Every structure is written in structure tokens, then in C-alpha cells.
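Take a look at the letters that make up each chain.
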Amino acid sequence: MSSVANIPPQFEIVDRPLDTQMTLSMGPQHPSTHGVLRLELVLDGEMVVKATPDIGYLHTGMEKLFEYKKYQQGIVITDRMDYLNPLGNNLAYCMAGEKLLGLEIPERAQTIRVLMCELQRIASHLVWLGTHALDIGAMTVFFYCFREREKILNLIEAASGGRLTPSYFRIGGLMMDLPAGFENRCKQFLRDFPPALEEFHTLLSGNRIFQKRTQGIGRISAEDAIDWGLSGPCLRGSGINLDLRRANPYTGYENYDFEVPTEPDGDVWARYMVRMREMKESHKISRQALSRLKPGSVKADAPKVVLPDREAMKSHMDALIHHFLIVAEGFDVPAGEVYQAIEASKGELGVYMRSDGGPKPSRVHFRGPSFVNLSALPAMAEGEMVADVVAIIGSLDIVLGEIDR
Amino acid sequence: MASEPENNEPNPIPSSEAAAPSPLVAALQREHAEWVTDVIEAFGEITVVVPREHIVAACSFLKAAPDTRFDFLADICGADRGVEEEPRFEVNYHLFSTTKHHRLRLKVLLDEEDTHVATVTGVWRTANWHERETFDLFGVIFDGHPDLRRILLPEDWQGHALRKDFPLRGYEPYSLK
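Line order of the protein sequences matches chains A and B. Under the numbering used here, think of the first position of the first sequence as 1, with each following residue one higher. Under the numbering used here, think of the first position of the second sequence as 1, with each following residue one higher.
Please keep in mind that the hints were generated in silico from the structure rather than gathered at the bench. In this text, all values refer to a predicted model and were calculated from it rather than measured experimentally. One or more hints might be untrue.
To be verified - One side only, chain A facing chain B, incomplete, derived with CB under 10 angstroms: (1) 199; (2) 227; (3) 235.
What the hints assert, rightly or not - Mimicking DSS-like on lysine-lysine, the simulated pairs with C-alpha atoms at most 30 angstroms apart in a straight line are: (4) 70(A) x 164(B); (5) 280(A) x 212(A); (6) 164(B) x 64(A); (7) 107(B) x 164(B); (8) 304(A) x 294(A); (9) 164(B) x 360(A); (10) 294(A) x 280(A); (11) 187(A) x 280(A); (12) 107(B) x 64(A); (13) 69(A) x 164(B); (14) 69(A) x 360(A); (15) 151(A) x 284(A); (16) 314(A) x 294(A); (17) 50(A) x 63(B); (18) 70(A) x 280(A); (19) 64(A) x 360(A); (20) 70(A) x 63(B); (21) 63(B) x 304(A); (22) 107(B) x 69(A); (23) 360(A) x 304(A); (24) 50(A) x 64(A); (25) 360(A) x 63(B); (26) 107(B) x 63(B).
As the list claims (entries may be wrong) - Here are the simulated distance ranges between beta carbons: (27) 30(B) x 280(A): 42 to 50 angstroms; (28) 167(B) x 52(A): 51 to 59 angstroms; (29) 47(A) x 122(B): 26 to 34 angstroms.
Glycine is no exception: its CB is placed at the ideal position from the N, C-alpha and C atoms.
Could you build the full structure based on these sequences and the hints that come with them?
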């Protein structure tokens, strides 16, 4: 075998037949698994024969905790699920509560919700883009993405006081109105963003290595995508034109002019392109929302549910009583059950909320898009190479905080 | 009776409170009255309570029928109605149609002594993880499931964490045995 003469026999290179399969644990500390995901890969050489995701490392019993917290206390738990898209989680949770209570949300609050959610969607997609490119080997993109994301986080911080855990939306409206000067800062960001997006395209879309690593990898057909319950960009990457902002409009999305990007191929590249185009659409929606901001209240007219303004609380007896009761005892929600789904940055985020009356929910369940999208990973990864599994995980855009809850 | 698929409105607005029984439920009741125990319409959502022995047949029908076309299983989640309640557990199936964009909730009620229900993984493959989660947290056993293991909690965990009689906190630290 060896051409070199004096190699001891135990070090001699032998061709092992590839009919023996090897089981490899990928994760839970592997950086490309985006958190603590473990994949059990059965390999034939470099080919993945079977992939079994193992999740639960981040399980913190959030759904149990909801049952012991008042409705308004639950909002801060939702921030910690999909921590890249906390405003989306806030929105789904608050809308479920509002559905049970039958609250009407004022127009200004709706417009701000749309604006903030679209900014958050861009921020979430930027983290995806940076880490996805990093996994595949393009390190530079990461820094540019985080530079832009930082600007969005600053905007979110200005509005809510929190960068990663804003809890900005409340049942019945918003925590508070936008601060002075927010609109100008937001305009500035929206002016700067399109050139930055072009920059990302220059760095990646025309990059031959990136194209080779993503095109034709991790294919899933449209029928399989629906059968596996894929949603969001993963579903639209398989050519299905489904966006809940269009299909079941909420918060006034029916009044906004935007496109739903789809790509027919169903591979990693298609999912990449869908998200890249989605950022452009989110930018478009944000501009429209910003131009539609009119003065008005940001809280619903429901004194028993919505906290009164600080000034009113100090000068009006009834406002003080309501404030005390909401904080100390919470508000009663009529018995019933609702399922509220929104289009989060990763797909359909559904909240099942169930009340037996009283100030605490009897069950809150989050249908996380990452959870369902990850369950389809074996269908995409089997038959691919190990290195491509990294690209496929990146293209799914999973957040383990939401998967494990 | 002789309604054609075209009669169905293409995109029902989710918030509209239907006065008459909705066309979705009518389709189900017309074909198979024994599948529908109860219909609840509240908060703009329709819930159909299905006897557990018919859940797979009802799901297959709703997925295939031209005027329902529930090809997308959005979610399955369990619920514990309370320790004293009878039947104690619920399994909720949230159905969605990618073409007609309407939603429906199917509900199966289960007694505490007999928490078995047939799996719907044969109808939608996405049911796999949802059912594992419901098994893990509520102890609902999905008969015929290809891989019914715990998914969020460790394999040797005792009990089912989202049951109402499972404590929120305890004093014994968990350790792998």
C-alpha cells in the first residue's frame, strides 16, 4: 500500500470499505448548531444516512410558568423564547389576550406595532444572514450584519428601554408612545439600509463559493414542505406563496403594499434569496408605517385592563384604583380558548391561549416556527454531505430558545 | 346537499362571526354526523369536538375534501382541564389550509385513566414532533406513532410536567441516573 519503505505496520494506510456506518454526535456545543442542538448523524463516509435532532437542552418550562403568572407578567416570558424576534412573540401573545378580551386597539398603536415588528424582522434576518454566512465560511458578512442590527436594536431600545427583551407590546396596546426624535432616527436608518442590503448582496450573492455551497443543497419539494408544516421563508423557498400577513391579515397588514417573495427551488439558496428579498419588503412596510403615523392614543380604552397614564394615576382617584388593582390582582379574562397566529420572522408563530376566567391563563402554548422547521431537517439532510448539514441548519434559521421553550 | 366546491367563499375573514353553522362544519356534519360531538363557535374561531376513535378519519377527510382542504397542520397541543375535571385532558388540532387560508380546531377529550388516541402522523408528517411534545408534557399516548419518545425533557424524567398536579418547583435537583 504505502510506497515509503519503512513504515511500521500499525501505521500503514488501509482502505476501509465504506459499508460500515458511523454514528456521529454533532453538537450540542457545535457552534454551527446555533445554540444547543444535538444531531445524531449516521454516516456512510461523508454521506448522511440518517439525521436525528435531539432537542430540549434549553427547556425551561416556560409554558408551565405562564400558568402561574398573570397575563401581563407573561409578556416578559415571551421575550425569551425567540430571542431574535421578541417583538413578534410579544405581538402574538398580546393579540391572543386581546382576542379573548375583545379589545379594540387604536390605530396609532397598530401602526407602531407594524413598524416595530418589521424592524425586528430585519434585525432577525440580519442575525440569520451573518451566522449563516459564518457557518459556510464567509466571515466578513457577520460584522456588517451586526453593524446594521445594532442600529435597529438602538431604535428598539429608544422605544422600549430594552434591546433584546423589549416587552414593548402590552395587552391593549403599547407600553408607551414612541419617544421624541424616534421618527427622525428611524428615517435615518431606513435611508441607510438599502445600500447596506446591496452590500450584503455584493458580498454573498455573487460569491461563487457561496453559490456552490447553497445551490441544490437541502432540497425539499412544495408538497413535502406543506406536509412537514414548514412555514415562513422555508415554505416560500419551496415556491408556496403563503404569508400570514396576507392570508390572515392582522394589525392592519391588509392596508400595506408589499410583495411576498417566493423562490421555486426549495434549496438552501432559495431560502437565502427569500429572506434577502424579504428584508427589502420589510423595509418597504416600515417606510409606509412611518409615514402613516398619526397622533393618537397608543392604549385601548379599557381602564380595567390597560394601565393608566402616570399623570392620570397621580391626579385621578379612579385611575389610581385601577392601577392598583391591575398591578396587585391582575385583570380577569373571560373563559375561552383562542389560537392566534402571526407571521414571525421564522414562520407561523401561533399562540394557543386558554382561560378559565381569573387573572392567570390556564394554558398557554407556543407553536414555534423553529420547532416545526427543525423537525423537517432529516427530510432535507439525509443524502447530503456532513458539511452541507451545517448549511441546511443555517438556512432553517432556528432559535433554540423557541424550540425548547 | 348538492353544494359544489365553488360555493365556498375563497378567503373567509377570520374575525367574522358566522351566524349560521359555518360551511366547514356543515361539510363535516353532512358527510359524517357521528364524527361531530359538539361545535363551539367563539372569538371568531370554530372548534369541533371529535370522538377520539374518529380523529384520524376526520383529519384525512378534512385534508382531502375539496371545500375544506386542510393540508397544513399548524399545531397540536394538549391541555389539562383540571385534576377534578372529567374528561380531564384535551388534545387540540389546529388545522390550516394553504390554499383557502381558513382555520379549524379539532378537539379530542380524553379521560385520565385512558389517555390513548390514534396518531395522525399518517395524515401529516409534521404531527410527529407535536405528538411527541404532547406525550412528553401531558402523558397522552398516541397509538401507532412511529417514534413516541420524550422530546423536551430527559428520557428518564418522572411524570408529565404540564399536568396541573405536577409541581412548578421542587427541592430535589434533577440528576441523570
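Checked hints:
no.	hint	in the structure
1	199	violated, 35 angstroms
2	227	holds, 5 angstroms
3	235	holds, 8 angstroms
4	70(A) x 164(B)	holds, 17 angstroms
5	280(A) x 212(A)	holds, 24 angstroms
6	164(B) x 64(A)	holds, 9 angstroms
7	107(B) x 164(B)	holds, 19 angstroms
8	304(A) x 294(A)	holds, 26 angstroms
9	164(B) x 360(A)	holds, 14 angstroms
10	294(A) x 280(A)	holds, 24 angstroms
11	187(A) x 280(A)	holds, 15 angstroms
12	107(B) x 64(A)	holds, 21 angstroms
13	69(A) x 164(B)	holds, 14 angstroms
14	69(A) x 360(A)	holds, 6 angstroms
15	151(A) x 284(A)	holds, 17 angstroms
16	314(A) x 294(A)	holds, 27 angstroms
17	50(A) x 63(B)	holds, 29 angstroms
18	70(A) x 280(A)	violated, 38 angstroms
19	64(A) x 360(A)	holds, 12 angstroms
20	70(A) x 63(B)	violated, 37 angstroms
21	63(B) x 304(A)	violated, 42 angstroms
22	107(B) x 69(A)	holds, 26 angstroms
23	360(A) x 304(A)	holds, 15 angstroms
24	50(A) x 64(A)	violated, 33 angstroms
25	360(A) x 63(B)	violated, 35 angstroms
26	107(B) x 63(B)	holds, 16 angstroms
27	30(B) x 280(A): 42 to 50 angstroms	holds, 46 angstroms
28	167(B) x 52(A): 51 to 59 angstroms	violated, 31 angstroms
29	47(A) x 122(B): 26 to 34 angstroms	holds, 29 angstroms
In summary, the numbered hints that this structure violates are 1, 18, 20, 21, 24, 25, 28.
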